[in-house]
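Colleague: Single-letter residue listing:
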Amino acid sequence: EPEVTQTPSHQVTQMGQEVILRCVPISNHLYFYWYRQILGQKVEFLVSFYNNEISEKSEIFDDQFSVERPDGSNFTLKIRSTKLEDSAMYFCASRENRDPYNEQFFGPGTRLTVL
Amino acid sequence: AQSVTQPDIHITVSEGASLELRCNYSYGATPYLFWYVQSPGQGLQLLLKYFSGDTLVQGIKGFEAEFKRSQSSFNLRKPSVHWSDAAEYFCAVGASGNDMRFGAGTRLTVKP
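Heads up: the sequence lines are chains B and X, in that order. Each residue of the first sequence is one higher than the one before, starting from 18 at the first, in the working numbering. Each residue of the second sequence is one higher than the one before, starting from 6 at the first, in the working numbering.
No lab work stands behind these hints, which were simulated from the structure alone.
Listed below are several chain X residues computed to face chain B (Cβ distance under 8 Å; list not exhaustive):
no., residue
1, Y37
2, M105
3, A109
Source: prediction; values computed, not measured. For glycine and all other residues, C-beta sits at the position ideal for the given N, C-alpha and C.
Next comes chain B alone, as it looks inside the complex (with noise of 0.2 Å):
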C-alpha cells in the first residue's frame, strides 16, 4: 500500500542552524501538507502546496520557513534559523485532490530536537 514517508526520523540540531524535513508523498497525490505538533500539545497546520506554490499557511509558517517541491517526487520543508521553540514532531501530508472529504495520508514524522 502506497504510504507517505519522511526522513529523518530523528533530527537535533544546534539552535540558528538551519534544518531541511524531507517527505516524499504518495506519487499519484497532487496536495501536500506539513503540520507540526510540540511535545503534548494539538497538531498545528504549518502550510499546504500545490502546483509548485503554497496555497495556504498558518500564522506559525514565518519566514524562518520555506516549502519547496525540489524534484517532483520530494517535498521538503526548510528552517532557516532553528530556535528552541521550533523543536516538535513534523509531519507531512498529501491528498490526491483538493476533494476535501479526501483522506490526508500522513507520515511518521520527523522528530526535530534544537538544542
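With chain B held as given, fit chain X onto it using these hints.
Modeller: Quick look at chain X alone, frame taken from chain B:
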C-alpha cells in the same frame, strides 16, 4: 474560523469496556469531520470521516462516530476496547479542505 475541542485529555478504560471520546467543533457551515489515531512513534491514521448523509459513520478497527449538529459534536465510540487501542486520538475539522484543525487529542489507556 473552524476549531475543535476535545474535553478529555486522558481516559482510562478496562479492556472489554465501552469507549466514548468526545469532540466538539466550531464552524459556521457543515464541516468535514475526521478522527485520527496516533500510536506511539507512528504517524496519524484515519479512523473515519463524515461530511454528509447518515450521521452514524463506521470506521476501521470497530470504531464508529455520530455527528450531532444540534450539539456540534462528533463523538467517537467503540463497544469493546482492546489493549491495542491504547493510543492518542485526534478529532479534526476541515472546511475548505486545504488544511485541517486538530483537537488537542485524547490519550487512551487500556487497563487489563
